[in-house]
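Peer 1: Sequence:
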Amino acid sequence: MADYQAPLREMRFVLNEVFDAPALWASLPKVAENVDPDTADAILEEAGKITSGVLAPLNREGDEQGCKWTAEGVTSPEGFKEAYQTIVDGGWNALGGNPEQGGMGMPKTLVSQFEEMLQGANMAFGLAPMLTAGACLALDAHGSNELKETYLPKMYSGVWSGAMDLTEPHAGTDLGIIRTKAEPNDDGSFAVTGTKIFITWGEHDMAENIVHLVLAKLPGAPKGPKGISMFLVPKFLVKDDGSLGDRNPVTCGSIEKKMGIKGSATCVMNYDAARGWLVGEENKGLNAMFTMMNYERLGVGVQGLGAAEASLQSAREYAKDRIQSRAPSGAQQPEKAADPILVHPDVRRMLLTMKGYVEGGRAFSTYVAQWLDIAKYADDSEQERRIHAEGMVSLLTPVAKAFLTDRGLDVCIIGQQVLGGHGFIREWGQEQLVRDCRITQIYEGTNGIQALDLMGRKVVGSQGKLYELFAQDVAAFIEENSDEQSLRPYLELLAAALERLSDVTEHVINQASETPDAVGAASVDYLDLFGLTALAYMWARMVKAAAAKAEGDTSGFYTGKLKTARFYYDRLLPKTVSLAEGIRSGSDSMMALTAEEF
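Going by our numbering, the first residue of the sequence shown is number 1, and it counts up by one from there.
Hints in this document: simulated from the structure, not taken from any laboratory. Note that this is a predicted model, so its numbers are computed, not measured. A portion of the hints provided could be inaccurate.
Claimed, not checked - The list that follows gives simulated cross-link-like pairs (lysine to any residue, SDA-like), each with its CA atoms no further than 25 Å apart: (1) K376 with A471; (2) K258 with K148; (3) K181 with E168; (4) K465 with S381; (5) K49 with N16; (6) K563 with A550; (7) K284 with I387; (8) K258 with Q383; (9) K181 with P153; (10) K81 with K258; (11) K336 with R322; (12) K465 with E390; (13) K81 with K320; (14) K320 with I413; (15) K257 with D174; (16) K148 with G242; (17) K320 with P334; (18) K544 with P22; (19) K257 with A71; (20) K223 with I197; (21) K81 with G245; (22) K226 with M293; (23) K239 with K258; (24) K575 with G520; (25) K544 with D570; (26) K68 with R438; (27) K81 with G53; (28) K181 with Y443; (29) K239 with R275.
Claimed, not checked - Okay, the calculated beta carbon distance ranges per label pair: (30) A475 with E61: 34 to 40 Å; (31) E317 with D588: 46 to 52 Å; (32) E46 with E256: 18 to 24 Å; (33) E480 with E597: 19 to 25 Å.
Glycine included, each C-beta is placed from N, C-alpha and C at the ideal position.
All chains should be built: construct the whole structure from the sequences, respecting the hints.
Peer 2: In structure tokens:
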């Protein structure tokens, strides 16, 4: 199978030529002081070396070995501890962190490229720095100065890692019914007691300490989600001088036997009056959690993208090398016993579908990251710009998480299909990508929940106002480029897709006022319709960037972009027509069966 190689040329194209990220960074003073084009390029180059050369070779062995649990703790797969130290030594944990606490302050548009490499090379390993980054984000936004000064520098350095402890055996999506409790101690700390499940890298041997951010309820807290607080609960208590003290009664009861990401430990965590400290305000734990959720949900979308890129690389090389039968138009390599399978239309359909979703998805993840950067770093004098960006982030986050992971699994399955029987065999790697990618549709809020969030809270809940932010952005692009000869074959189709999405949006908003089930019945198809339209917008932007350089392009990079865009518009965008018709049919047929009739 093809070894994973970081797609640096593709990333540079998206960052520099499609979105002109350096101009965005220069417009954000808090970013401009930390990054310039040369620094960004050096970061990409080094990230490519580490992910391709250090992490990718551990991916299959990590899957084969898995993590090992004993009563003393969890042992990571062979080589993971050393690879983690490489990440620590390179300062990669600090890439997007607050510079005031030892972070590098890099923008999400750049960090998301590193995250794609990390997840594409080795998703199970990549979850460790990803969870630490999320914990740091929540702590930096809501923790007291004392907590931040004590924990953030060590977490950014990677000497200590982080974990997010939300789910309980009886409470997944509905966090309002959690039972973990926190009783006040005399010294200002709290005694946290309860059990959490599905805690990624909740216990391991790669870092000196593990900092858990735990959702729990205080005595007398309001029922439901309004009664949740967040607590910092370290594996080892920290002394006044910053050194590690006694072991906190935080233990891993077991690790899950899973379908995929076997190289990571998914833990059952038990808290027996463990000492913890309140993060943020009492009963405002969900607010603290959602501070990092937009970043984490984009990060999960990027996981799906990374797995898809790895699958595409493997399938592409296999299709060029594997000979089987002759081309329909006649022998292409008559000197050989058969032609490479790349000559067959169906293999090309599969590979172009993979390319359409992967390259379009990379542009979309960068587009969302751009709005995250503006929302976080826009100058105080640019309040309107920041509010606009926050609205776009709110709208686009569930699409990034769900659409990129749904298509990520689709791409991995298609890649497996390209390899045929070899795709079903472990040594070729495609079956692991299918197993690993599957979880991305489930954790950080299942994709069904993401669709409900998009349709119910963001679109219907705002009466279409948030949707209009996106629609106006696409419409403005169409208007501004109406005279661009290279874009004419695409803009009419993009405008039609946008109109279709807008019509369906209005239809569901109107239905929702009369039919309680309207939102739930439409939500998943609506998210797909939105995602396909958004990727069409991304492909139009890529066509604009590539067309000017396609003439005389001997590398095939820019001409390949134009031809892939044509395929996306011809073969993938038309799916929006059937999705729209399904949504318009309403909820009656979906809700008609009784329980017995199922």
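Peer 1: Hint by hint, note whether the structure agrees.
Peer 2: Status of each hint after checking the structure:
{"no.": "1", "hint": "K376 with A471", "in the structure": "22 Å, holds"}
{"no.": "2", "hint": "K258 with K148", "in the structure": "34 Å, violated"}
{"no.": "3", "hint": "K181 with E168", "in the structure": "12 Å, holds"}
{"no.": "4", "hint": "K465 with S381", "in the structure": "24 Å, holds"}
{"no.": "5", "hint": "K49 with N16", "in the structure": "20 Å, holds"}
{"no.": "6", "hint": "K563 with A550", "in the structure": "11 Å, holds"}
{"no.": "7", "hint": "K284 with I387", "in the structure": "22 Å, holds"}
{"no.": "8", "hint": "K258 with Q383", "in the structure": "46 Å, violated"}
{"no.": "9", "hint": "K181 with P153", "in the structure": "28 Å, violated"}
{"no.": "10", "hint": "K81 with K258", "in the structure": "21 Å, holds"}
{"no.": "11", "hint": "K336 with R322", "in the structure": "11 Å, holds"}
{"no.": "12", "hint": "K465 with E390", "in the structure": "13 Å, holds"}
{"no.": "13", "hint": "K81 with K320", "in the structure": "36 Å, violated"}
{"no.": "14", "hint": "K320 with I413", "in the structure": "19 Å, holds"}
{"no.": "15", "hint": "K257 with D174", "in the structure": "24 Å, holds"}
{"no.": "16", "hint": "K148 with G242", "in the structure": "12 Å, holds"}
{"no.": "17", "hint": "K320 with P334", "in the structure": "15 Å, holds"}
{"no.": "18", "hint": "K544 with P22", "in the structure": "18 Å, holds"}
{"no.": "19", "hint": "K257 with A71", "in the structure": "17 Å, holds"}
{"no.": "20", "hint": "K223 with I197", "in the structure": "21 Å, holds"}
{"no.": "21", "hint": "K81 with G245", "in the structure": "22 Å, holds"}
{"no.": "22", "hint": "K226 with M293", "in the structure": "17 Å, holds"}
{"no.": "23", "hint": "K239 with K258", "in the structure": "37 Å, violated"}
{"no.": "24", "hint": "K575 with G520", "in the structure": "20 Å, holds"}
{"no.": "25", "hint": "K544 with D570", "in the structure": "18 Å, holds"}
{"no.": "26", "hint": "K68 with R438", "in the structure": "22 Å, holds"}
{"no.": "27", "hint": "K81 with G53", "in the structure": "16 Å, holds"}
{"no.": "28", "hint": "K181 with Y443", "in the structure": "23 Å, holds"}
{"no.": "29", "hint": "K239 with R275", "in the structure": "13 Å, holds"}
{"no.": "30", "hint": "A475 with E61: 34 to 40 Å", "in the structure": "50 Å, violated"}
{"no.": "31", "hint": "E317 with D588: 46 to 52 Å", "in the structure": "49 Å, holds"}
{"no.": "32", "hint": "E46 with E256: 18 to 24 Å", "in the structure": "34 Å, violated"}
{"no.": "33", "hint": "E480 with E597: 19 to 25 Å", "in the structure": "53 Å, violated"}
Violated hints, in rising order: 2, 8, 9, 13, 23, 30, 32 and 33; the structure is consistent with all others.
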